[in-house]
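There are 2 protein chains.
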Amino acid sequence: MKSEFELIQYIKSKSLALSCQPSAVRIGIGDDCAVIPKNERTDLVITTDLLIEDVDFRADWTTPEFLGHKALAVSLSDVAAMGAKPVWALVSIGIPEKAWKTDFVERFYDGWFDLAKKYNVELIGGDVSRTTDKIVVDSIVAGEVKKGKAILRSGAQPDDLIYVTGELGGAACGLKLLESGERFEKTEHKNLLLRQLQPNPQTKIGQVLGVKNLATAMIDLSDGLSSDLAHLCQASKVGAKIFAGKIPFHKNLISLSKSEKEKFSHAFDGGEDFELLFTANPENNFYLEKELKNHSFTLIGEVTTNVETVELVSGNESTILQPKGFRHF
Amino acid sequence: MKSEFELIQYIKSKSLALSCQPSAVRIGIGDDCAVIPKNERTDLVITTDLLIEDVDFRADWTTPEFLGHKALAVSLSDVAAMGAKPVWALVSIGIPEKAWKTDFVERFYDGWFDLAKKYNVELIGGDVSRTTDKIVVDSIVAGEVKKGKAILRSGAQPDDLIYVTGELGGAACGLKLLESGERFEKTEHKNLLLRQLQPNPQTKIGQVLGVKNLATAMIDLSDGLSSDLAHLCQASKVGAKIFAGKIPFHKNLISLSKSEKEKFSHAFDGGEDFELLFTANPENNFYLEKELKNHSFTLIGEVTTNVETVELVSGNESTILQPKGFRHF
Chain A
1 MKSEFELIQY IKSKSLALSC QPSAVRIGIG DDCAVIPKNE RTDLVITTDL
51 LIEDVDFRAD WTTPEFLGHK ALAVSLSDVA AMGAKPVWAL VSIGIPEKAW
101 KTDFVERFYD GWFDLAKKYN VELIGGDVSR TTDKIVVDSI VAGEVKKGKA
151 ILRSGAQPDD LIYVTGELGG AACGLKLLES GERFEKTEHK NLLLRQLQPN
201 PQTKIGQVLG VKNLATAMID LSDGLSSDLA HLCQASKVGA KIFAGKIPFH
251 KNLISLSKSE KEKFSHAFDG GEDFELLFTA NPENNFYLEK ELKNHSFTLI
301 GEVTTNVETV ELVSGNESTI LQPKGFRHF
Chain B
1 MKSEFELIQY IKSKSLALSC QPSAVRIGIG DDCAVIPKNE RTDLVITTDL
51 LIEDVDFRAD WTTPEFLGHK ALAVSLSDVA AMGAKPVWAL VSIGIPEKAW
101 KTDFVERFYD GWFDLAKKYN VELIGGDVSR TTDKIVVDSI VAGEVKKGKA
151 ILRSGAQPDD LIYVTGELGG AACGLKLLES GERFEKTEHK NLLLRQLQPN
201 PQTKIGQVLG VKNLATAMID LSDGLSSDLA HLCQASKVGA KIFAGKIPFH
251 KNLISLSKSE KEKFSHAFDG GEDFELLFTA NPENNFYLEK ELKNHSFTLI
301 GEVTTNVETV ELVSGNESTI LQPKGFRHF
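These protein sequences, in sequence, are chains A and B. Residue numbers are given in the working numbering: position 201 of the first sequence equals residue 201, and the series is strictly consecutive. Residue numbers are given in the working numbering: position 83 of the second sequence equals residue 83, and the series is strictly consecutive.
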């Protein structure tokens with residue numbers, strides 16, 4: 001059985017084989033965004049993300065406004081992961097007739113525009129289609145970054161330090177609460193449900209790291225730390241060592257997790273936290289502290305030469321962290 | 001009940017109201033593509049198109065290769081309608097597990113790449129997602145055009161001549177044959193079914209019109225001549241007069257239509273021919289003949305001052321042509 005990563009490799013090799021002219025792109029398939037030269041000073045980064053009803057969201061768990069917000073947020077997170085500033089976007093939405101007859105689409109766009117306004121993202125196009133029964137959204141966002149300065153997954157060097165923004169595991173814990181029947185209107189855990197339903201992209205931090213040239217590699221935490229760190233290590237041809245005691249668990253995770261194992265599982269494999277995972281040269285630690293003094297970020301580990309192996313160090317013990325984050329197939 | 005055009009107006013007005021900085025775009029929502037400044041010489045055009053199973057296609061009527069071709073073709077057609085040269089593309093695809101277990105995605109990309117190769121379009125990214133039961137595709141294509149020279153829907157002037165490329169009604173007739181049970185493997189009417197299943201974007205003609213600056217306005221025929229000409233007239237604040245005797249009906253349409261009315265309905269309201277409809281200054285007729293001498297195109301009418309009214313002239317009779325092309329809602 002093929003995995004989605006094997007499919008991506010198939011497409012990538014086909015794409016390269018057919019290329020019969022100098023490529024128009026700097027970075028194609030396989031990073032958070034593609035990178036395309038714009039002009040002499042600037043590169044364009046672009047990403048697209050599908051959200052499918054009953055796979056990526058449940059209509060009765062969310063609101064149209066949250067969904068509009070999340071559709072934009074997931075793509076903004078990819079743009080942030082390149083160190084780029086978001087600029088414009090397109091949205092394609094497919095909805096069944098019964099939803100069309102409600103105020104669903106207007107409320108969806110209200111949520112979308114509320115977030116777009118925060119980061120000055122301009123909606124320039126899209127498509128509207130009917131579906132037979134499920135809602136589907138495809139979100140496309142482009143950003144700009146100084147020429148050659150997009151932060152790729154592939155730039156991590158041995159001995160670089162590994163950082164993560166914000167707190168981890170909140171989105172997975174929020175999902176578990178939703179699955180167990182809690183709903184946003186009634187729950188005591190609104191902050192956890194919001195981590196799942198209305199995630200905040202780390203747009204500002206992404207831009208600081210891009211403009212100040214402070215990160216050697218970066219990826220956003222969409223699938224989960226264990227998988228996304230594995231992607232980064234694979235792209236950079238390095239390994240990683242993570243210190244269990246340094247993981248910034250979401251503050252409510254401790255009281256809401258049944259066990260240490262569940263707490264780690266939410267933070268490592270849960271996905272959808274949409275925080276940024278990045279590596280930096282140790283010499284830049286001082287500048288990171290300075291430039292990101294108003295933002296939450298944590299040093300959680302270091303890059304090793306143990307290619308594609310992620311070790312989790314807890315006291316004197318070290319275990320291999322398997323990538324168990326979200327996969328569609 | 002709102003229409004999709006009313007929704008587009010809602011989104012457009014929201015977008016304009018929230019714009020709190022100089023716009024990054026030249027042309028936003030409402031044309032075949034958005035137009036964004038790229039550098040001092042070039043503008044970027046970009047479009048996105050959703051294809052939804054059992055709304056836009058039926059899995060048992062088509063093949064994965066045809067679907068991959070069509071997903072790219074519909075967006076290439078939008079890029080052609082701006083007079084632009086396609087450059088790069090992204091594809092998001094959502095498929096159910098049962099299709100994932102077959103060779104569907106590989107064959108889909110085979111069809112996509114076969115067409116991409118013809119026009120040197122580079123695949124730079126995309127997304128793959130699971131769905132619960134239906135296939136969905138979102139196709140994103142960007143093109144380049146000389147700065148300020150994108151051909152908009154809004155440039156038609158009274159007394160301009162109206163042209164259409166190729167032949168009309170074939171795709172609608174092909175759809176009717178599919179609906180009546182004909183299948184590609186067995187039909188005698190392969191050419192008509194191909195018009196529906198594997199449409200040809202008019203990429204070369206679009207580029208000639210763009211580079212030679214020969215058209216005042218252009219739109220691609222996706223919804224149907226009656227609707228698409230109405231869109232062009234609305235955007236240009238003009239009317240149009242079409243000569244029934246000049247319509248280039250698909251060559252098989254006459255024998256396969258039950259009546260004159262059905263023949264006209266296929267050609268005017270059927271949609272999905274993905275030909276180009278454009279207007280040009282009468283003085284350019286000579287240059288059009290010269291520059292497009294190796295391509296099929298037909299003069300079918302003229303632009304009038306009778307704002308947003310499309311007349312169909314047949315002999316001495318004139319009737320008002322109502323927009324009856326495809327609408328999702």
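Hints listed in this document are in silico derivations from the structure and should not be mistaken for laboratory results. Careful: at least some of the hints might be erroneous.
Copies of the same chain are indistinguishable here, so a pair counts whether it falls within one copy or spans any two.
What the hints assert, rightly or not - The calculated lysine-lysine pairs, modelled on DSS-like cross-linking and capped at a C-alpha distance of 27 angstroms, are: (1) Lys251 x Lys98; (2) Lys324 x Lys293; (3) Lys118 x Lys204; (4) Lys324 x Lys98; (5) Lys117 x Lys237; (6) Lys176 x Lys324.
Against the structure, the hints:
no. : hint            : verdict
1   : Lys251 x Lys98  : neither (40 angstroms within a copy, 40 angstroms between copies)
2   : Lys324 x Lys293 : neither (32 angstroms within a copy, 60 angstroms between copies)
3   : Lys118 x Lys204 : within (11 angstroms within a copy, 41 angstroms between copies)
4   : Lys324 x Lys98  : between (37 angstroms within a copy, 23 angstroms between copies)
5   : Lys117 x Lys237 : neither (38 angstroms within a copy, 32 angstroms between copies)
6   : Lys176 x Lys324 : within (16 angstroms within a copy, 48 angstroms between copies)
In this structure, the earlier hints numbered 1, 2 and 5 are contradicted, and the remaining ones agree with it.
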